[in-house]
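K.L.:
Here is how the chains run, residue by residue.
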Amino acid sequence: GNSVTQMEGPVTLSEEAFLTINCTYTATGYPSLFWYVQYPGEGLQLLLKATKADDKGSNKGFEATYRKETTSFHLEKGSVQVSDSAVYFCALTHVSGSARQLTFGSGTQLTVLP
Amino acid sequence: NAGVTQTPKFQVLKTGQSMTLQCAQDMNHNSMYWYRQDPGMGLRLIYYSASEGTTDKGEVPNGYNVSRLNKREFSLRLESAAPSQTSVYFCASGLAGGNEQFFGPGTRLTVL
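In order, the protein sequences belong to chains A and B. Okay, so the first sequence: first residue is 2 according to the numbering used here, each after it adds one. Okay, so the second sequence: first residue is 429 according to the numbering used here, each after it adds one.
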């Protein structure tokens, strides 16, 4: 079946530090991969996505590259800010039944200290 | 353009009570979804509706029912709430065949 494994948190960093959150997946076929972000008290928002191998998704200084050979989609940011404090979810999409479905990782809580 | 809206934001129920969570989207999406979020477990799919008039079970459907009232609205019903259903519930919508889903702000439900 399809599954997503991501780095357990919580992760605490100082402002301007480098961020990596690891994500690996198991899937049949060629899924699209996503990072969603959830700020406190809010729903999930799409942060970035990649639809095929070697694609790089990027947004708001965050990047992730779809690596088929290592089945990974690690999230990186060169210099985090306090406002990046949130929970980050890695996900993949696949067709199951009558619609595309998302399978999520368990989430990684990031706290950035000033 | 409000996106995906959910009501209520918070709810406390006693074991055995029933309630309906409401969801509406104004993006003309065909597909709609209900998830629950529990600590350390990410989001798990309860039910989904690929298009108006159809509904299907997801990963954790037991104890829930859904209704796709029209293209805009997709409700989730708990007929007899149990403490194990204490969770945060998210509704989402997306285009048929599309990859991205758009999420509502969530409903925090506590069952005592």
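Among these hints, one or two may not hold up.
[What the hints assert, rightly or not] Quick list of in silico lysine-lysine cross-link-like pairs, DSSO-like style, CA-CA up to 30 Å: (1) B:K499 with B:K485; (2) A:K61 with B:K485; (3) B:K442 with A:K53; (4) A:K69 with A:K50; (5) A:K61 with A:K50; (6) B:K485 with B:K442; (7) B:K437 with A:K61; (8) B:K442 with A:K50; (9) B:K499 with B:K437; (10) B:K485 with B:K437; (11) B:K485 with A:K50; (12) A:K69 with A:K57; (13) A:K53 with A:K69.
Hint data in this document are derived by calculation from the structure and do not stem from the laboratory. On a predicted model such as this, the values are computed, not experimentally measured, just so you know.
K.L.:
Each of the hints needs a verdict: does it hold here or not?
P.N.:
Right, here's what the structure says about each hint:
no. : hint               : result
1   : B:K499 with B:K485 : holds (18 Å)
2   : A:K61 with B:K485  : violated (35 Å)
3   : B:K442 with A:K53  : violated (47 Å)
4   : A:K69 with A:K50   : holds (14 Å)
5   : A:K61 with A:K50   : holds (13 Å)
6   : B:K485 with B:K442 : holds (25 Å)
7   : B:K437 with A:K61  : holds (29 Å)
8   : B:K442 with A:K50  : violated (41 Å)
9   : B:K499 with B:K437 : holds (22 Å)
10  : B:K485 with B:K437 : holds (24 Å)
11  : B:K485 with A:K50  : holds (26 Å)
12  : A:K69 with A:K57   : holds (12 Å)
13  : A:K53 with A:K69   : holds (8 Å)
Checked against the numbered hints given earlier, the structure breaks hints 2, 3 and 8 and satisfies all the rest.
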